[in-house]
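Undergrad: Protein chains in written order, with the numbering used here: chain S, 1 to 219; chain D, 1 to 221.
FYI, nobody ran anything at the bench for these hints, they're computed from the structure. Quantities reported herein were computed from a predicted structural model and do not represent experimental measurements. Some clues are possibly wrong.
To be verified - Dumping the calculated EDC-like pairs for lysine to aspartate or glutamate here, alpha-carbon to alpha-carbon at most 20 Å:
1. S/107 <-> D/208
2. D/116 <-> D/134
3. S/207 <-> D/57
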Amino acid sequence: MGFDLAFALSSVPTILGAIGMTLSVALVSCIGAAAIGFLFDVVRRVGGFVGLTISFVIDFIRSTPLLAWLYFLYFVLPFYGIRLGSLTVGVMGLSLYYSGYLAEVFKAGIDAIPKGQSEAARALSLSRRDAVIYVIAPQMLRNIAAPLGNYFVSILKATPYLAVLAVPEMLGRAFDIASETYRYTEPLVVAGLIFLALALVISHGVKRLERRLLAVGAR
Amino acid sequence: MPMSLFEIWLGILQGLGTTLAVTAYGLVFAVPFALVFGVAQYLTRGVARLLVTGVIEFWRSSAVIILLFVFYYALPVVGVTLSALTVSAMVLGLNAGGYASQAVRAGLQALPAGQKEAGAALGLSRPAILLLIELPQALIAMSPTFVNTLIQLLKATALVSLVTLTDMTFRAKEIAQVEYNPVAIYTALLLAFFVVCYPIALAGRWLEARVAAPGSRSSGI
Numbered sequence: 001m002g003f004d005l006a007f008a009l010s011s012v013p014t015i016l017g018a019i020g021m022t023l024s025v026a027l028v029s030c031i032g033a034a035a036i037g038f039l040f041d042v043v044r045r046v047g048g049f050v051g052l053t054i055s056f057v058i059d060f061i062r063s064t065p066l067l068a069w070l071y072f073l074y075f076v077l078p079f080y081g082i083r084l085g086s087l088t089v090g091v092m093g094l095s096l097y098y099s100g101y102l103a104e105v106f107k108a109g110i111d112a113i114p115k116g117q118s119e120a121a122r123a124l125s126l127s128r129r130d131a132v133i134y135v136i137a138p139q140m141l142r143n144i145a146a147p148l149g150n151y152f153v154s155i156l157k158a159t160p161y162l163a164v165l166a167v168p169e170m171l172g173r174a175f176d177i178a179s180e181t182y183r184y185t186e187p188l189v190v191a192g193l194i195f196l197a198l199a200l201v202i203s204h205g206v207k208r209l210e211r212r213l214l215a216v217g218a219r
Numbered sequence: 001m002p003m004s005l006f007e008i009w010l011g012i013l014q015g016l017g018t019t020l021a022v023t024a025y026g027l028v029f030a031v032p033f034a035l036v037f038g039v040a041q042y043l044t045r046g047v048a049r050l051l052v053t054g055v056i057e058f059w060r061s062s063a064v065i066i067l068l069f070v071f072y073y074a075l076p077v078v079g080v081t082l083s084a085l086t087v088s089a090m091v092l093g094l095n096a097g098g099y100a101s102q103a104v105r106a107g108l109q110a111l112p113a114g115q116k117e118a119g120a121a122l123g124l125s126r127p128a129i130l131l132l133i134e135l136p137q138a139l140i141a142m143s144p145t146f147v148n149t150l151i152q153l154l155k156a157t158a159l160v161s162l163v164t165l166t167d168m169t170f171r172a173k174e175i176a177q178v179e180y181n182p183v184a185i186y187t188a189l190l191l192a193f194f195v196v197c198y199p200i201a202l203a204g205r206w207l208e209a210r211v212a213a214p215g216s217r218s219s220g221i
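With the rest of the complex left out, here is chain S (with noise of 0.2 Å):
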């Protein structure tokens, strides 16, 4: 029993046929994971009580795995009687234990603007909003592009988790394949090559922006 090429090639289009779940869960997931972070730091900006009190659930968020919060999750609520599917659980666990992280990837990124900045918009008689719209979120927006896009490659990573809820994504797919027929290896390379692809080719793509943003902000 060795590698068998010719069933790896044959479990291809089982699995790729997953790659649409595997994106969209990404996606939203990061989307997801976005906006919580971004609601994290916005509310720690407050300060006092609150702002510790996030600090605080942003850095247990953080010292806790991923796989333990997805158990949480898929076993707890329906314990409180909330009856979600494991799909909606699983993109649920990757936007919450993610927001820890890119809550950082919006503190770095505003702090990263310099005072003067909002001060000159003040200057310019620039109303408070007109200064976040026009001043503040396209520099943010410029700063977090390149962290959220390889955030975005973390998340797609992390996605086969979900295999352990039973989401038909491509981990689970190839897991599939191999209960039908007692051969993991194969279905498993596959996937593992699949997934190590996307995360090259996006991450490249991160790099590529990364270079044209870090252009554009020097001139």
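On the provided structure of chain S, position chain D as indicated by the hints.
TA: Chain D only, in chain S's frame:
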């Protein structure tokens, strides 16, 4: 009779030994990999650098959960039988090592060229410059990043519960089979990881503050 909260907590902590063992054993793979491949990526050019980068990217850019399953199921097929502990430590360790190697390389690249040139002016050989001048500075500067990678490794060990090792996550699942109290069990699991990882994160922050200081002092002089 239902288990008390204390018994659940103790039950999960029975897996702490395995969690820590996989982490420590993983470091045995991660540290040499990060040093050797980080330095190699820094020093090599052309084809050699492509090969080094290829190995690093394989371990760093793959989805670690799939790597773990691939090696767990595929190694016996090609005639290599390793224990689940060794396979887990190797996969998780080399994945963490891949991340850390980038910190090693970036730390070396960030040093001013004058450091290397000063070493050469003093008549030191290239290996001596690397070992005595470049690496110590790079490793100290990047130490907060290494602490973060250690925390990532510790958290990733939760995956070993999927390949039959009885770590804290495995214990939580076991307890959940005999005891219907998911709130207590999974809260305890999260808390157990928090108790282990948070002090390390705090130590990393302390280190970060310390590491930032000498650099600013030297530039002041």
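Undergrad: Determine for every hint whether it applies to the structure shown.
TA: Results of checking the hints against the structure:
1. With a CA separation close to 17 Å, the supplied pair residue 107 of chain S and residue 208 of chain D stays within the 20 Å bound.
2. For a cut-off of 20 Å, the pair hint linking residue 116 of chain D to residue 134 of chain D stands: about 7 Å separates their Cα positions.
3. Only pairs whose Cα atoms come within 20 Å are accepted, and residue 207 of chain S paired with residue 57 of chain D is accepted, the gap being roughly 14 Å.
Violation of the numbered hints given earlier is absent; every hint is satisfied by the structure.
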